[in-house]
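2 protein chains.
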Amino acid sequence: MDNQYICLRVNDAQKEVIRVFRNNSRFALPVTDDKGVLLGIVTLDDVLRLSEKEDTREIQKIGGSEALDEPYTTISFGSLIKKRAGWLIILFLGEMLTATAMGHFEGEISKAVVLALFIPLIISSGGNSGSQASSIIIRAMALGEIGFKDWWRVMRREILSGVVLGTILGIVGFLRITIWHEFNWYDYGIHWFLVAITVFFSLIGVVLWGTISGSMLPLVLKKLGADPAASSAPFVATLVDVTGLVIYFSVAFVVMRGTLL
Amino acid sequence: MDNQYICLRVNDAQKEVIRVFRNNSRFALPVTDDKGVLLGIVTLDDVLRLSEKEDTREIQKIGGSEALDEPYTTISFGSLIKKRAGWLIILFLGEMLTATAMGHFEGEISKAVVLALFIPLIISSGGNSGSQASSIIIRAMALGEIGFKDWWRVMRREILSGVVLGTILGIVGFLRITIWHEFNWYDYGIHWFLVAITVFFSLIGVVLWGTISGSMLPLVLKKLGADPAASSAPFVATLVDVTGLVIYFSVAFVVMRGTLL
Numbered sequence: 055m056d057n058q059y060i061c062l063r064v065n066d067a068q069k070e071v072i073r074v075f076r077n078n079s080r081f082a083l084p085v086t087d088d089k090g091v092l093l094g095i096v097t098l099d100d101v102l103r104l105s106e107k108e109d110t111r112e113i114q115k116i117g118g119s120e121a122l123d124e125p126y127t128t129i130s131f132g133s134l135i136k137k138r139a140g141w142l143i144i145l146f147l148g149e150m151l152t153a154t155a156m157g158h159f160e161g162e163i164s165k166a167v168v169l170a171l172f173i174p175l176i177i178s179s180g181g182n183s184g185s186q187a188s189s190i191i192i193r194a195m196a197l198g199e200i201g202f203k204d205w206w207r208v209m210r211r212e213i214l215s216g217v218v219l220g221t222i223l224g225i226v227g228f229l230r231i232t233i234w235h236e237f238n239w240y241d242y243g244i245h246w247f248l249v250a251i252t253v254f255f256s257l258i259g260v261v262l263w264g265t266i267s268g269s270m271l272p273l274v275l276k277k278l279g280a281d282p283a284a285s286s287a288p289f290v291a292t293l294v295d296v297t298g299l300v301i302y303f304s305v306a307f308v309v310m311r312g313t314l315l
Numbered sequence: 055m056d057n058q059y060i061c062l063r064v065n066d067a068q069k070e071v072i073r074v075f076r077n078n079s080r081f082a083l084p085v086t087d088d089k090g091v092l093l094g095i096v097t098l099d100d101v102l103r104l105s106e107k108e109d110t111r112e113i114q115k116i117g118g119s120e121a122l123d124e125p126y127t128t129i130s131f132g133s134l135i136k137k138r139a140g141w142l143i144i145l146f147l148g149e150m151l152t153a154t155a156m157g158h159f160e161g162e163i164s165k166a167v168v169l170a171l172f173i174p175l176i177i178s179s180g181g182n183s184g185s186q187a188s189s190i191i192i193r194a195m196a197l198g199e200i201g202f203k204d205w206w207r208v209m210r211r212e213i214l215s216g217v218v219l220g221t222i223l224g225i226v227g228f229l230r231i232t233i234w235h236e237f238n239w240y241d242y243g244i245h246w247f248l249v250a251i252t253v254f255f256s257l258i259g260v261v262l263w264g265t266i267s268g269s270m271l272p273l274v275l276k277k278l279g280a281d282p283a284a285s286s287a288p289f290v291a292t293l294v295d296v297t298g299l300v301i302y303f304s305v306a307f308v309v310m311r312g313t314l315l
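Just so you know, the protein sequences line up as chains A and B, in that order.
For the first sequence, position 160 matches number 214 in the numbering used here, and the numbering has no gaps at all.
For the second sequence, position 130 matches number 184 in the numbering used here, and the numbering has no gaps at all.
Keep in mind that the hints were calculated from the coordinates and are not lab data.
Even glycine gets a Cβ: it sits at the ideal position worked out from N, Cα and C.
Fair warning: there could be bad hints in the mix.
Which stretches of chain A does chain B cover? Using the computed rule of at least three CB atoms under 8 Å from a CB of chain B, they are [said to hold, decoys possible]:
| hint | stretch |
| --- | --- |
| 1 | 83-89 |
| 2 | 128-138 |
| 3 | 174-181 |
| 4 | 217-224 |
| 5 | 270-282 |
| 6 | 304-315 |
Only chain A is shown next, with the shape it has when bound in the complex (with noise of 0.2 Å):
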């Protein structure tokens, strides 16, 4: 390729810096105006160092956090605190959203304590692969290997795992359920059968719609014009955990109707 075409423009955004490097082995590339006149160079060396520093707002994001832009060691507690807390309440405020769910589902609830039981391990579920998801594809997109053009592609291969993923968890939770059924290490009434086939299809469904979530949401970010790491592991679960209370008292409603319910 010949070398004077490969110029950054002033207003490159620096993951576009990071990425033309990447794709051309060069140590330097001259940085030009939009009229093409020359106002100086960029050096590999301080791409090395850019690229450092967004990915690492890209994981302190991905972990839930604004990005603290500044050292750890250095940074000040307030400053510490109010990058922290900001999504932390967001997060909270949405998983309130859980209180309300769980709201309506009281009455279930009191008549069937034993579904109760196994509301942690369903709704974290959807949330660990949801977070697999999201840091997936987060990452992905920020190495250019897929876009908003792709998410056709990618939910469907998503769906496809989903499936898979939720009916392996779903076999596990079923066998959990029959084992300290037959050695009698816990009582789960004598409904235990229903209520393992409640929380085997609850986490088929909730595992699948986790995975869909945590790869769609940084797509429609970044289409929307928002940075798709801000889909943090703790986003997609909250998004999941609403979702998935919802998705096992409706498979519940559906098995032990007439019965438990």
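Once you've looked at the hints, dock chain B against the given chain A.
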């Protein structure tokens, strides 16, 4: 600094190589064996690719999956499932302890179903604060800002963060119950005030525990010779979920003894 003294040994770990380049503005460095015999050179553009690959692995691990080691677009469906299923199953088995813990509290739940309503809210707050802490610490460790020797400095800071962040969420949670009660949006029963108090103190305890475990786990893993990034957001959340339940029901027991429990 004299150029000839910055030589990379063949057994230097990838992260170490990246660090050497970051701290010394060089475009290429010689590689020697242990006897100082020149084997070849490493150039900065190799390092940019290496650094990006390392960060990709780190991000995928923080999301709770194995590192894919291949682009999302080209990895086979079988490999994709294999890399994700392992951790999902391990997390699921760990999360099963919540069902065991909930089993112990089944009596409390059936006496005070209102307690069940806040279970997802309480435990997820611990998971969220833990995810934040672990990703911040994992990144600071990868950049060489902190190591195991700094554990006490980190712990002190995270204890303080946990108390402050927990108190903020505790106040929001307390207000939520009080406001919903005052406006008759939901009937938490005659003991609504005790419920609010329980939620307040539980949130402080759970968020504090989340930040402590989230920040200490990467340091401990490093000390044990494992990859700090394995203390992923879902891993920390799972760990904190079980403890969160114990904290919540213990606080409830103290606050509500003689009334609801």
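Verdict on chain B covering the stretch 83-89 of chain A, where coverage means 3 or more residues with a C-beta closer than 8 Å:
With 0 residues in contact (Cβ-Cβ under 8 Å with chain B), the coverage given for the stretch 83-89 of chain A is violated.
The stretch 304-315 of chain A covered by chain B? Criterion: 3 or more residues, Cβ-Cβ distance below 8 Å.
Violated, because only 0 residues of the stretch 304-315 of chain A bring their Cβ atoms closer than 8 Å to Cβ atoms of chain B.
Counting residues of the stretch 128-138 of chain A that have a beta-carbon nearer than 8 Å to any beta-carbon of chain B, does the count reach 3?
n = 4 at 8 Å, threshold three: holds.
For the stretch 270-282 of chain A, do at least 3 residues have a Cβ located nearer than 8 Å to some Cβ of chain B?
It is violated, with 0 qualifying residues against the three required.
Between the stretch 174-181 of chain A and chain B, are there enough contacts, at least three residues with CB-CB distance under 8 Å, for the coverage claim to hold?
holds (count 6)
Residues of the stretch 217-224 of chain A with Cβ under 8 Å from chain B, three needed, outcome:
Three-residue rule met by the stretch 217-224 of chain A, so holds; n is 4.
When the structure is compared with the earlier hints, violations turn up for hints 1, 5 and 6 and for no others.
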